[in-house]
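Assemble chain Y onto chain A, guided by the hints.
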Amino acid sequence: MGMNLQMATRETVHTDHPDRDDRLARARATLGAAERSAARWGGRIDRTALRTVGEGEHQDPSDDGLGTRLSVPGPLSELFPRGSLRAGSSVAIEGAASTSVLLSLAVAAAGEDSWCALAGMPDLGLRSALDAGLDPCRLAHAPTHGEQRPQVLSALADGVGVLVLGPDLDLAPALWRSLLGRARTADTLVLAATPPGRADITLRSTTRSWAGLGAGSGRLRTRRLAVSATGRGIAGNREVEVLLPQVGGMIASSSSARDASSEVRLLQPVRKAG
Amino acid sequence: MMSVGTPATRTVAVTVPDWPLLAALDRHQRRETEDAAVAIDPATDPVILLDQHRVTHAGAAAREAGALPGMKRRAARAACPEALVLEADTESESSLFELVAAAVDTIAAGVDVLRPGVLLMSARGPARHQGSEEALAERLLDAIAELTGWDAAVGIADGPFAALLASPRGRIVRAERSADYLAPHPITALRSAPVGPGWGHRGQPSATRPERRLDLAETVDLLQRLGITTLGDLAALPSAAVADRFGPDVATLHLLARGEEPAPPAAHHPTQPIQAETTLETPLVRTDQAAFIARPLAEELHTMLVERGLVCTRLRIVARTEGGEEMERTWRHDGALTVADVVDRIRWQCDGWITRSRLGGPATGAITRIGLHPLQLAPAGESAPALWGSAGEAAQRASRAFARAQGLAGEDAVQVPALVGGRLLADEVALVPWRSEKPARREGPWPGSLPRPVPATVFRELPPITLQDADGRPVVVTARGLLSAPPARLLVTAPGRAALQRAGLRAGSAYPVLVHGAPTVIDERWWAPGGARSARMQLVVRGASDEETAVLALSRTGSWALEGLYD
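Protein chains in written order, with our numbering: chain A, 257 to 530; chain Y, 356 to 922.
Okay, chain A solo, but in the shape it has when bound:
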């Protein structure tokens, strides 16, 4: 729908009221967003969220003729072509911090509206998933054992916005390919730890160091993690260094964390109203 409106906008640039359609589109988008948030919170003011300044007005990964784009965590955006992910694509995650990277990618891609399903992660720490920012109202967990597993996974790939496949799933290569095909049709993002076949983008993470713990004192605070990406649309090998988890359990870029310690961060209250 967004694409149609935009095209309509471009066509009517020469007419008498160049900004009328534009204003209509913006009004529709605003009403849609308001209604979405009202639907999510049951029409009530349900929680007051705090967001750092500047994060709220992030660039919407818009439609550019390449299909819907999904956002990725800010600190990791350099790794991805165009700084975003195509809906319906797949990402494989390998290395030391695979669970944390999976969760942070899922949080960013699920955004404000999509549902997220986790499969084959029997030992997932659910509190860390919630700390990473996953909305428990839009989160489902599928244990997926038993003979119905292919059908269940296919149903999930059809229905949710983000499908996370854990490392303990032990998929057959044929099932992996069929899941990717389904996800491509349904615009579902597939995030998988050590999949049995090719994925569009492969991320590999290496722990650099842990901070916060001393000899018999302190507590774990941050991990410095190097993440590198290879795959479709990436020339060679890109690498960034991030903090995952930072002290709150989320992802942060390692350079901004250094800045933040020196200057006071402004918090902007954002009220989730119905």
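The set of hints was computed from the structure by calculation and includes no laboratory data.
The beta-carbon is built from N, C-alpha and C at its ideal position, and this holds for glycine as well.
Hints are supplied without guarantee of correctness; some may be wrong.
[Unchecked claim] Facing chain A, according to a computed beta carbon distance under 10 angstroms, are these residues of chain Y, among others:
1) Ala-785
2) Ala-854
3) Leu-894
4) Tyr-921
Just chain Y, lined up with the frame of chain A:
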């Protein structure tokens, strides 16, 4: 049902005095048709009604002779030996009262039977139809006398409590004067307040409030001891103070004493209960049979709901077995439960039960009866699709997928997290089947809970490890919560944990501990015999891949295990 008052509705209360006695008498007379000539008039002939060997009601003549409610059978018989003794039967009381309700139905709609002997309805419409409230009361009395032959009493007032108190005296309290009418009544009048068990929609507990037994006699006694002797005294108290001191039940009584009425819960209560039940001719022993039975039952319920323009958001499915055992399960739904949803839930419930009995659970016998009872109904308009854009579209798509997955592989195929609270990481968040009732959250505080960041992998079965100091002796946590020696090496003892292998911690190998925190002691339920003392500690070890790996170790009864892995 908290102390939020709404402007009281003009209410008609129709009561039949001594209804259990009349019903029992009626049953007695119908049974002994040969004695029908000897008509018994409870006003002149002594009659007493017993329930579980205690007198619950006594006719006027019996009371005069000294047989009072509350006496034992023997004492009552001694006081009034010539009295006719009847046994109470709630079933027949309710069914016989339907006659009275039907008689009232011929005059006015929206009749609400509070309990056998008492019914309420809104006065405004019927009174306008009949011309005046006096005319309405007269017509009601006439209709009941004509169609059933019993003498009823009618009271009209603002709010149900004033109407109930007015009805035995046949009073019509003027509009907005309910508080003045109630004020001089003694506090014992609260005993007839329409709250607590036994009141409400045909004896069903309220769907919105967990039913706690409110002992009215005890409450009245307490208030009397506090020097509150009339309803006016009670009404004069500030409502916030009443709610704080006595809780929500007495706050409701306070509200009633002020002549207001509690705001009804937002959910819709039909005047006629909506439910679908079926008795199975051949008892259920296989799962596929359940599916055959479930569909017509679900369709019946759905038709009933559609006719009334309602959707069901909470449904209770009750299955009764040959042995008389009832298994019930409540299912909640944020949108509307469709026929397919209901069929699936019936099937799962039967499936679970059949599986349990096959696995050698307690023998209960086959399922003979299945009932669907909607607990929460809402007008259908609220679940209409969105106006602008795609609100809720993603949720609908996901719910279709989850319903399909659950239909394929059972209700456990899709689970959602529910925060329940606990000391250990694995206990903090529970997974419950999608769309089933979530467990209540246990409010903390949970001392010793782990500060952020928390491990991304939390083992449900803790893999055992050994911590050794520099000399190779095992490290333990002392009774004072200190380490016996700083750990130098971590040894994974049990094989076969995939998550550990991926993190570079292989079974049977020892890894050097780089840094470690101080142990945090968790005293779980130290006051109870089942309590356990444990300690947890964060460690960073150098794994096989030469990377730093952070783990959370838990010491229990002297041995270490891994609780979580920061991967």
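Hints and how they fare:
no., hint, verdict
1, Ala-785, "holds (9 angstroms)"
2, Ala-854, "holds (6 angstroms)"
3, Leu-894, "holds (8 angstroms)"
4, Tyr-921, "holds (7 angstroms)"
Going down the numbered hints, you'll see the structure goes against none, and every one checks out.
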